[in-house]
Amino acid sequence: MTPAALQAAYKTDLAAVQSQVLDDRGYYLRGLALRAIEKGGRGHIGSALSLIEIIRVLYDDVLRVRPREPKWPDRDRFILSKGQGCLAIYVLLADKGFFPVEELDRFCHFDGLLGGHPEIIAPGVEASTGALGHGLPIGVGLALAARMRKRDSRIVVLMGDGEINEGSVWEAAACADKHRLSNLTAVIDYNKIQSAGSVFEIQSMEPLAQKWSSFGFGVFECNGHNVEDLRRAFDQAIVQPSDGPRVVICHTVKGKGIPEAENNPSWHHKSELSADVLSAIRSAKRN
Amino acid sequence: MRKRSLDMVYELAKRDPRVVFIGSDLSPGVLPEMKKAFPDRYYMEGISEGNIIGVAAGMAMEGYIPYVNTIATFITRRCYEQVAVDLCLHDLPVRLIGNGGGYVYAPLGPTHEAIEDLAIMRALPNMTVTAVCDADEMTRLMNASLEWPHPLYIRLAKGGDPIISKQSRDFAIGKAIDMIDECTGASDVLLVTTGIATTQALDAAKQLAQTGLRCRLLHVHTVKPLDIDVICDAAARTGVVVTAEEHSLVGGLGSAVLEALADELNRQMPMVRRLGIPDRFADRYGSQAALMKSFGLDAASMVAAVTRAIGDLRSSVGPSRAAE
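Chains as they are written, first to last, in the working numbering: chain A, 7 to 293; chain B, 27 to 350.
For the record, the hints were derived by calculation from the structure and aren't laboratory data.
These numbers were taken from a predicted model, which means no experiment stands behind them.
Chain B stretches covered by chain A per the calculated footprint, using a threshold of three residues with CB under 8 Å from any CB of chain A:
(1) 69-78
(2) 84-98
(3) 101-111
Derived SDA-like pairs (lysine to any residue); straight-line CA-CA distance at most 25 Å:
(4) B:K29 / B:D196
(5) B:K201 / B:N169
(6) A:K184 / B:P65
(7) B:K61 / A:R157
(8) B:K232 / B:G322
(9) A:K156 / B:L38
(10) B:K319 / B:D309
(11) A:K77 / B:G89
(12) A:K156 / B:P65
(13) A:K184 / B:L52
(14) A:K77 / B:E173
(15) A:K184 / B:A63
(16) A:K77 / B:H116
(17) A:K77 / B:D42
(18) B:K40 / B:D66
(19) B:K40 / A:M154
Note that CB positions come from ideal geometry on N, CA and C, so glycine has one too.
Given these sequences and hints, build the entire structure.
What follows is the structure, encoded as structure tokens:
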């Protein structure tokens with residue numbers, strides 16, 4: 007099947023994903039991320055901007071966490087397995103008060119807490135990630151531990167659409183199915199662009215929904231930039247009871263919020279910020 | 027040794043509710059008593075080492091102490107990134123029990139021969155690396171493992187190995203053990219060994235003692251953290267240091283000892299000879315003993331190597347250094 011035909015098979019209106027208008031909070035959070043990028047002089051910009059609404063809805067509406075008590079035993083656990091998207095979790099953790107917003111100004115600095123991939127030295131970060139394909143196995147372990155401890159903690163693992171090329175993801179998926187981990191939810195940031203280009207050129211994982219379904223997961227999908235649609239999907243896939251593991255395929259736009267960066271593989275990561283890039287970032291912040 | 031190690035997992039599980047066992051498609055009937063007594067802490071998972079290390083990490087993040095068991099090459103080579111990132115970067119108390127260290131699986135060929143496991147595990151920050159010499163010492167290691175706060179690699183030997191360790195010699199992770207009560211100070215030759223190479227070295231030391239040499243044998247069950255103080259002190263009081271290990275000469279015990287001596291001893295540096303496996307995969311099958319012998323890791327070869335080293339020392343610097 008062609009990419010167009012594959013995408014037409016989704017229930018989500020993918021044109022609506024592309025044209026999704028962001029709200030004030032969406033721009034505010036992006037502004038924080040872009041502030042960190044400017045201060046750090048680098049960053050996985052496109053990778054982070056497709057995640058903002060997903061992580062925002064998780065922290066605003068779904069996850070039971072205590073910013074003043076990051077190790078609260080009964081908390082829900084969220085792992086950003088796609089570690090290169092770290093700016094999106096940093097801005098939410100700062101916004102929620104896990105650490106001061108000013109910490110964003112030390113992004114990638116020698117004495118900062120916030121590196122180019124998230125580490126557990128930052129309050130609220132559950133696992134150090136960056137090497138791909140590690141989050142779901144750890145999530146399976148957390149989910150089994152919660153079961154052994156008879157805690158009702160929910161475990162949420164967010165992965166990229168390139169990341170799920172890794173075999174360890176599917177080893178963990180089989181294991182989650184074997185143990186029928188109803189407290190485990192995988193979330194896929196399906197922006198359809200991996201580092202080298204389109205996932206349909208580099209390594210398509212389609213038919214994606216059928217793959218997860220065949221691994222025993224309940225499959226949900228949504229517009230990953232539409233807050234209401236995310237709330238609906240996460241309620242079904244995280245909050246409501248289940249008899250097994252679940253996955254939410256979030257259709258997103260890489261670089262969402264900076265017109266020049268949207269769907270542009272060259273914005274996956276910037277190790278230095280040119281005048282054009284800075285101009286694009288500052289224009290986006292003014293919106 | 028393998029049986030003792032796994033039996034001890036069950037014993038530890040009885041003592042401590044944090045202990046969990048995770049196997050990767052092991053033989054039928056592994057730890058049936060534990061499976062029956064603690065079904066919620068007994069996991070026999072699929073052939074998926076990368077996943078299993080991550081699962082163990084997740085459990086350890088929640089306060090459990092997972093003991094993970096499979097073949098040594100698979101638990102080190104296959105999932106090296108998971109061991110590095112999930113276990114070592116997070117500094118989690120997960121125990122990796124590797125079946126078939128060295129040439130135990132000689133008939134099965136190089137895919138199953140863990141000849142560089144000590145080196146690659148040793149290279150990882152926060153990892154502790156052990157290779158005990160017999161089943162009794164395994165019991166001591168497993169007891170000590172319960173409260174060890176870091177990731178721990180436990181290399182297993184074949185099983186049925188002769189018991190040479192003694193309860194009277196204190197066991198602590200990271201502490202070398204003097205194996206010859208009659209020679210614990212100045213010596214003519216200092217043997218530094220790990221795993222079952224210690225068994226061969228003990229036999230060699232007894233033969234050498236009969237020739238009048240003062241032969242000290244330090245058994246290093248913990249290759250990392252290395253007992254640098256004891257090894258360097260002993261090395262400063264001998265003529266020749268000979269290391270022996272059922273492991274590649276690249277990066278194992280011999281390398282660790284050389285690094286320590288170079289860093290610590292300066293001009294007191296003794297002559298050092300390293301016995302181990304050359305930098306290549308085995309091209310023969312047969313038995314563990316046959317392969318060890320072919321690479322000079324049996325007692326007779328060790329005697330010859332020490333004798334040559336002593337001769338080299340005397341011909342290069344005269345007899346006085348060795349007799350100090």
